[in-house]
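Put together the whole structure using the sequences plus the hints.
Protein chains in written order, with the working numbering: chain A, 1 to 87; chain B, 1 to 223.
Rather than coming from a laboratory, the hints here were simulated on the basis of the structure.
None of the values given here were measured: they were computed from a predicted structure.
There could be a bad hint or two in this list.
[To be verified] So the derived label-pair ranges between C-beta atoms look like this:
#, chain 1, residue 1, chain 2, residue 2, range
1, A, 28, B, 133, 33 to 39 Å
2, B, 78, A, 49, 56 to 62 Å
3, B, 109, A, 58, 43 to 49 Å
4, B, 25, A, 85, 58 to 64 Å
5, B, 168, A, 46, 29 to 35 Å
6, A, 49, B, 169, 28 to 34 Å
[Said to hold, decoys possible] With a Cα cut of at most 27 Å, we get these calculated DSSO-like pairs of lysine-lysine:
#, chain 1, residue 1, chain 2, residue 2
7, A, 49, B, 218
8, A, 19, A, 49
9, B, 140, A, 19
We put the beta carbon where it would ideally sit given N, CA and C, even for glycine.
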Amino acid sequence: MRVGTLVCVPQVVVDVVLKPEISDPQGQAVLGALGRLGHGGISSVRQGKHFVLEVDGTPDEAELKQIAETLLANPVIEDVELHLPTD
Amino acid sequence: MRIGVLTFPGSLDDVDAARAVRLAGGEPVALWHADHDLKDVDAVILPGGFSYGDYLRAGAIAARAPLMREVVDRAHGGMPVLGICNGFQVLCEAGLLPGALTRNSHLHFRNRDQALRIERADTAWTASYAAGQEIVVPVKNGEGRYVAADADLDRLEGEGRVAVRYVGGNPNGSARDIAGVTSENGRVVGLMPHPEHAVEALTGPSTDGLGFFTSVLKAVVNA
Numbered sequence: 001m002r003v004g005t006l007v008c009v010p011q012v013v014v015d016v017v018l019k020p021e022i023s024d025p026q027g028q029a030v031l032g033a034l035g036r037l038g039h040g041g042i043s044s045v046r047q048g049k050h051f052v053l054e055v056d057g058t059p060d061e062a063e064l065k066q067i068a069e070t071l072l073a074n075p076v077i078e079d080v081e082l083h084l085p086t087d
Numbered sequence: 001m002r003i004g005v006l007t008f009p010g011s012l013d014d015v016d017a018a019r020a021v022r023l024a025g026g027e028p029v030a031l032w033h034a035d036h037d038l039k040d041v042d043a044v045i046l047p048g049g050f051s052y053g054d055y056l057r058a059g060a061i062a063a064r065a066p067l068m069r070e071v072v073d074r075a076h077g078g079m080p081v082l083g084i085c086n087g088f089q090v091l092c093e094a095g096l097l098p099g100a101l102t103r104n105s106h107l108h109f110r111n112r113d114q115a116l117r118i119e120r121a122d123t124a125w126t127a128s129y130a131a132g133q134e135i136v137v138p139v140k141n142g143e144g145r146y147v148a149a150d151a152d153l154d155r156l157e158g159e160g161r162v163a164v165r166y167v168g169g170n171p172n173g174s175a176r177d178i179a180g181v182t183s184e185n186g187r188v189v190g191l192m193p194h195p196e197h198a199v200e201a202l203t204g205p206s207t208d209g210l211g212f213f214t215s216v217l218k219a220v221v222n223a
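See the structure below:
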């Protein structure tokens with residue numbers, strides 16, 4: 001971060017999707033709508049959740065991983081991806 | 001016999017659950033999610049509804065409510081806990097029961113009278129029934145599809161952990177027609193259908209649901 005720029009709060013992004021073996025009727029409904037709209041080239045839709053967390057100070061990867069895996073996602077049915085700020 | 005009924009923001013069926021406890025001969029005790037006081041209850045019911053508006057996942061935020069810490073601790077010590085509908089979702093999210101409840105396969109909210117088979121008549125909440133007995137109680141949910149990994153489903157079946165099964169049609173696409181499951185020790189039971197709505201001829205399709213609430217009174221006496 002350069003002096004004189006806006007202070008930016010580190011953002012951590014967490015993406016949650018249903019595990020491949022769990023059927024996703026909402027994604028299938030979207031796929032059906034796409035077909036009706038003439039977008040026949042889309043063969044599958046999986047719907048998920050996208051979380052943006054603003055973190056005070058330096059993000060603690062272990063803590064964020066725990067948040068993602070125990071609250072934001074249910075590991076019984078969902079996979080989770082944690083994206084930490086790169087700079 | 002003091003049976004707690006835990007109310008979260010968005011609970012709907014806590015009053016019916018308390019009424020079912022009273023009709024069964026127990027003393028219902030109102031519990032509030034934000035307290036740390038179980039008020040010396042002998043068992044706890046987590047009622048149906050839409051706690052926290054089903055935000056994040058149905059039951060996910062309620063499962064982390066302050067009083068749930070005490071409920072989980074006491075459940076591990078053998079206190080009977082029954083989760084009905086949203087309460088079942090809370091128990092799965094809290095890790096007291098295996099599996100998860102997801103959006104119904106047909107995406108519709110399903111509200112109807114539902115036939116069920118009692119698979120386990122030796123849990124704290126089903127001992128008033130006979131194994132194999134069929135009952136009819138209302139079912140009403142949008143996220144009631146029970147799922148777990150195939151290996152986990154096989155294990156649950158092998159251990160006899162399926163407490164209640166849908167018969168005469170599966171309302172939500174639940175794996176293996178599972179309507180409710182039990183903990184290993186039979187003290188914690190969760191199910192999507194609503195026995196508390198079938199305790200009086202005037203308001204329910206039957207009085208078949210009353211057995212859940214009479215069962216726990218015996219379970220607490222025998223504990």
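query: If you draw a straight line from the CA of residue 49 (chain A) to the CA of residue 218 (chain B), is it 27 Å or shorter?
result: 44 Å, violated
- request: Note whether the CB distance of residue 49 (chain A) and residue 169 (chain B) lies within 28 to 34 Å or breaks it.
  value: Cβ of residue 49 (chain A) to Cβ of residue 169 (chain B): about 31 Å, so the range 28 to 34 Å holds.
- prompt: Are the Cα atoms of residue 140 (chain B) and residue 19 (chain A) separated by 27 Å or less?
  reply: 26 Å, holds
- prompt: Okay, residue 25 (chain B) versus residue 85 (chain A) on CB: inside 58 to 64 Å?
  reply: About 59 Å separates the Cβ atoms of residue 25 (chain B) and residue 85 (chain A), which means 58 to 64 Å holds.
message: Can you confirm whether the C-alpha distance between residue 19 (chain A) and residue 49 (chain A) stays at or below 27 Å?
response: Roughly 13 Å separates the two Cα atoms, so the pair holds.
message: Taking the Cβ atom of residue 78 (chain B) and the Cβ atom of residue 49 (chain A), is their distance within the range 56 to 62 Å?
response: 36 Å, violated
message: Tell me if the beta carbons of residue 28 (chain A) and residue 133 (chain B) are separated by a distance inside 33 to 39 Å.
response: With a Cβ separation near 36 Å, residue 28 (chain A) and residue 133 (chain B) satisfy 33 to 39 Å, so the hint holds.
- prompt: Does the hinted range 43 to 49 Å hold for residue 109 (chain B) and residue 58 (chain A) at CB?
  reply: 45 Å, holds
- prompt: Honestly, do residue 168 (chain B) and residue 46 (chain A) meet the 29 to 35 Å range at C-beta?
  reply: 32 Å, holds
Checked against the numbered hints above, the structure breaks hints 2, 7 and satisfies the rest.
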